[in-house]
Amino acid sequence: MSKLTATPGQTVGPFYGYALPYAKDRELLAPGSPGSIRLQGTVYDGAGHPIPDAILEIWQPDADGNIVRRTGSLVRDGYTFTGFGRSAVGNTGVYTFTTVNPGPTEPGAAAFISVAVFARGLMNRLFTRVYLPENEEALAKDPLLSSLDPERRKTLIARRDADGGLTWDIRLQGGDETVFLDFEGTGTEGASQ
Amino acid sequence: MPDDVNLATYNADALTEDLSDAVPAASGTAPQAVPAEAPRVETQQDLSAEIKALGEAYARALKDGAPKETQPRLDFAPYRSSILRHPTKSLHHADPETIELHSPAFGHQDVHALEADLTIQHNGEPQGERIIVAGRVLDGDGRPVAGQLVEIWQANSSGRYIHKRDQHPAPLDPNFTGVGRCITGPDGSYRFTTIKPGAYPWKNHLNAWRPAHIHFSLFGTEFTQRIVTQMYFPGDQLFPLDPIYQSIVDQDARDRLVATYDHDLTEPEWALGYNWDIVLTGSKRTWTENEALGAEGDDHE
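Heads up: the sequence lines are chains A and B, in that order. So that you can map any letter, position 137 of the first sequence is 321 in the numbering used here, and since no number is skipped, the others follow by simple counting. So that you can map any letter, position 111 of the second sequence is 114 in the numbering used here, and since no number is skipped, the others follow by simple counting.
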């Protein structure tokens, strides 16, 4: 099959706010329902300031590690877990999701949530992952995490809060910059030119 | 320059009052330092010179055998708001795993067919030039991306977004919101009816204007294919001046964001037609026979 060249991305810009958010976009299930947790964090720029105009998407398996193939992410029926959510940050750069702890998709695998980051001033979306902190053994043998040095590895692992929620911040730039992923391996998506 | 221009705002992006990421210079150093005197207003000439230098450096690199760049540079200083918002470390190569090799499923619970017509969302007809924008979403192997979500948003015909932070003193149109959605057909096709958006000013530098564009958000069959981008109109004189369009330094790559006027899409006595096909990255997953036939999602069109 012929290989086509991908269409370039562009920044989401400042005005997505009346287009991309939708009702219950960040509630993969109803807050307070059994098994629900909060996933929350702040998006920071290279000066350490919160970014007030970023929007995040998460895509994850259910609590049993199943990849859900159900429609209804945009118009939620209140009961179907679809695995997809979207949260624009507020004025203080904080995003919030209500979701479940993802299960490992294979026995013994490290459980993670896939994340796409968009922001004004960010030329193209960035992919990353947020891992659950608990299963040390699985984290240690995870192919991605084990390819990172310890300092960078930490940026992909959420902190478990006392109430069972997860806290995970995103730093677009700087010494403790979040690890962002290139799935293409072509070098065409590299940050440094 | 008009006398009442507040110079301080011209180092901020867009039409917001948010100066949190305004920096005195492109160096990216000491972003919290307050300059002793008001910063010099940056003009289009300043920005054009920077854009030109980056373009020339890319042309030289190509001559020396560097690969063609197909995506925007994350680090593209002429777009001032990118200075503190681009990763400085190289993206880390990862083989997509499990969840990343699948995509959320969208269907007709999520999107009503009428959401693809942005001209019928209110009681009256919106102002401006009615257009049809249609094309196909393909993956990098040329396979149609069927049953997936396409979202668009745009300014109205006078270049004004309905967004509360858009302070451009151009009229809002009570009959135009500028948001649409659709689900791609079995052949990857999408089609929107809308109004041709106007160009609008922003505050990257003095006299900065964005070429007319429609924002597109697309999902593939794998989450790794997710993109948000902008579609432009052919022949726009603002292309060479726009730091966002020019952040894609390769002309062939930039051209991929420009729609083609298509008289076969034009409808008599009704609307002009533009064609724009979108190619996502290649699939990383081994496809089942059903998927290869385009049976993803609930694509009962």
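Read the hints as simulated data drawn from the structure, not as lab findings. Even glycine gets a Cβ: it sits at the ideal position worked out from N, Cα and C. Keep in mind that a hint or two might mislead.
With a straight-line cut-off of 20 Å between C-alpha atoms, the simulated PhoX-like cross-links for lysine-lysine are [claimed, not checked]:
| no. | chain 1 | residue 1 | chain 2 | residue 2 |
| --- | --- | --- | --- | --- |
| 1 | B | K92 | A | K338 |
| 2 | A | K187 | B | K287 |
| 3 | B | K66 | B | K55 |
| 4 | A | K338 | A | K325 |
| 5 | B | K66 | B | K92 |
| 6 | A | K187 | B | K71 |
These stretches of chain B come out as covered by chain A in the derived footprint (C-beta under 8 Å, 3 or more residues) [stated by the list, open to error]:
| no. | stretch |
| --- | --- |
| 7 | 44-50 |
| 8 | 223-234 |
Hints and how they fare:
1. The suggested pairing of K92/B with K338/A holds, with an alpha-carbon distance near 15 Å, which does not exceed 20 Å.
2. For the hint pairing K187/A with K287/B, the CA-to-CA distance comes to about 13 Å; that is within 20 Å, so the pair holds.
3. Pair hint K66/B plus K55/B holds up; C-alpha atoms about 17 Å apart against a cutoff of 20 Å.
4. A C-alpha spacing of about 15 Å is found between K338/A and K325/A, which places the hinted pair at or below 20 Å, so the restraint holds.
5. Annotation: proposed proximity of K66/B to K92/B is violated, straight-line Cα distance about 26 Å (limit 20 Å).
6. For the suggested pair K187/A and K71/B, the alpha carbons sit about 15 Å apart, so the restraint of at most 20 Å is met.
7. Interface restraint, the stretch 44-50 of chain B with chain A: violated (0 residues with C-beta to C-beta distance below 8 Å; minimum three).
8. With 7 residues carrying a beta carbon less than 8 Å from a beta carbon of chain A, the stretch 223-234 of chain B meets the three-residue requirement, and the given coverage holds.
Checked against the numbered hints above, the structure breaks hints 5 and 7 and satisfies the rest.
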